[in-house]
Amino acid sequence: MVVKDIPPVEAPSRLASDPVASSAGPSEYSSPAPPTFEESSGHILIEFDQSGAFIPQGGEEAPPSFTPYEAEYFVAKNKTIITHDPHLNQDGEALYRFLLGQSAQPPVFLLRCKGTHVEHKTRHVTKTDSNGRRRSETEHYTETVTDFEFSIDLGQHLSTDIVQWTVGDDEPVYRGTMVREVGHEEDVRKATRTEKRDGNAWALRRTLQGFPPWISPGSGYVENGRSDVGMPMEQLREVLKSSWTLRQWADDYCNSPKYFKEFIYEKIVYGWNLEALASAVKSCIQSTHYTGDISVKFETELAQVIVRPDNRLARMLSNPWLKFLLIITLIFPFIWLFRRFHSRGGGRWTVGGAAYAMKRWELVRTAINVTAKDVEQYKLSDPRGTYTMTQEGIKRSRAAAAAKKVDRIAMSLPDDVPDYNIASLDGYTDTRQVGQAGAASLV
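When the letters of the sequence shown are read in order and numbered with our numbering, they come out as residues 1170 to 1612.
The hints are simulated quantities; they were obtained by calculation from the structure and are not laboratory data.
Just so you know, these numbers come straight off a predicted model, no measurement behind them.
All clues given are correct.
Straight-line C-alpha distance at most 25 Å; calculated SDA-like pairs for lysine to any residue:
#: 1; residue 1: K1365; residue 2: S1412
#: 2; residue 1: K1427; residue 2: G1345
#: 3; residue 1: K1365; residue 2: E1350
#: 4; residue 1: K1248; residue 2: T1469
#: 5; residue 1: K1427; residue 2: N1480
#: 6; residue 1: K1528; residue 2: R1375
#: 7; residue 1: K1427; residue 2: P1502
#: 8; residue 1: K1466; residue 2: R1375
#: 9; residue 1: K1248; residue 2: L1491
#: 10; residue 1: K1410; residue 2: D1338
#: 11; residue 1: K1283; residue 2: V1450
#: 12; residue 1: K1246; residue 2: K1283
#: 13; residue 1: K1451; residue 2: C1282
#: 14; residue 1: K1359; residue 2: S1512
Using the sequences and the hints, build the whole thing.
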């Protein structure tokens, strides 16, 4: 049904000779009153013929609802997440959002304990020689018997505050080539053998002692014999020493034309001294007077996300059976040479990931009872000195600052400033502005 209004009748125009129109002063001409609703209802024309009605394209149905892009991926037998989605190899924003989505799924963190012992056994076997004669022999052999084997899921202790991190500029890692490099942009160079050895040793120590992945060997947090886990991001960013964010590395990967490139995104669990904890668990088992061999390991599953190109050879290398077929047919050595030495062959990016804390750092302010007599005693001992209040009592200001006894970390940010860890997840947020706004609000 189409509703149309009949155009109104045009009012008669006044002539120039009209004495009312040409006279000066207020007009005495009165126009007729407008019609009422009942009088004008007869001017409405109702037509049921819609053949001539115009309906714009798409106006007959609602537009489709927006859905986020979901990339295809699969989980390999070694519990690694692999994707060959073509869109993730072309759009850095899509790759960045995909990695953030994967970081929302924490890795599986397990403690595996196993106890075994070796038994020496004897058995009689019958053998036949080349002449067809049979004889019996006594054979000694050893057999490993598993006494117990169990695993404990530690994922419930992972913190929900996820930190996106990137490697430091002085850390030897893969930055788009098939060799490990240090530096950034124009200052990138191949890592020396000493740098590789020191980097491997530090990575092992950092994992066993539970240091965060952004802590460097020269950091004061490590030299003091502790890892300040869960501290505010503005404090940890001082030791990060990384020039690029995860968003920038995603663009660098997508802009590469290499045929066998891959982006490896690591999920790191930190906060517990795994070496000391494994030793404590082993001691607990030994306290039950168990004399067998004890194995205590910490394992992570679903801790790697690998992005590879969408081509036939790259997909074949992701399949272990097809890769084994390429090896026995002597095709894989030629692929390896192409990846290693050709300018458009292969490249790796092991430059960042997500970090999950097993414990938090929280400031606790305790009340200290200090009498006026104590203050006067300090002033008499050194009238020129200045003193400050700490959790251990009254100390000289300079000594307290040197011993890091003075709290310089804000307890909380105001409500109108977003949390620093949340703001750092956005590739477009200038985290320095957040820190400055929080500091200005706390003053």
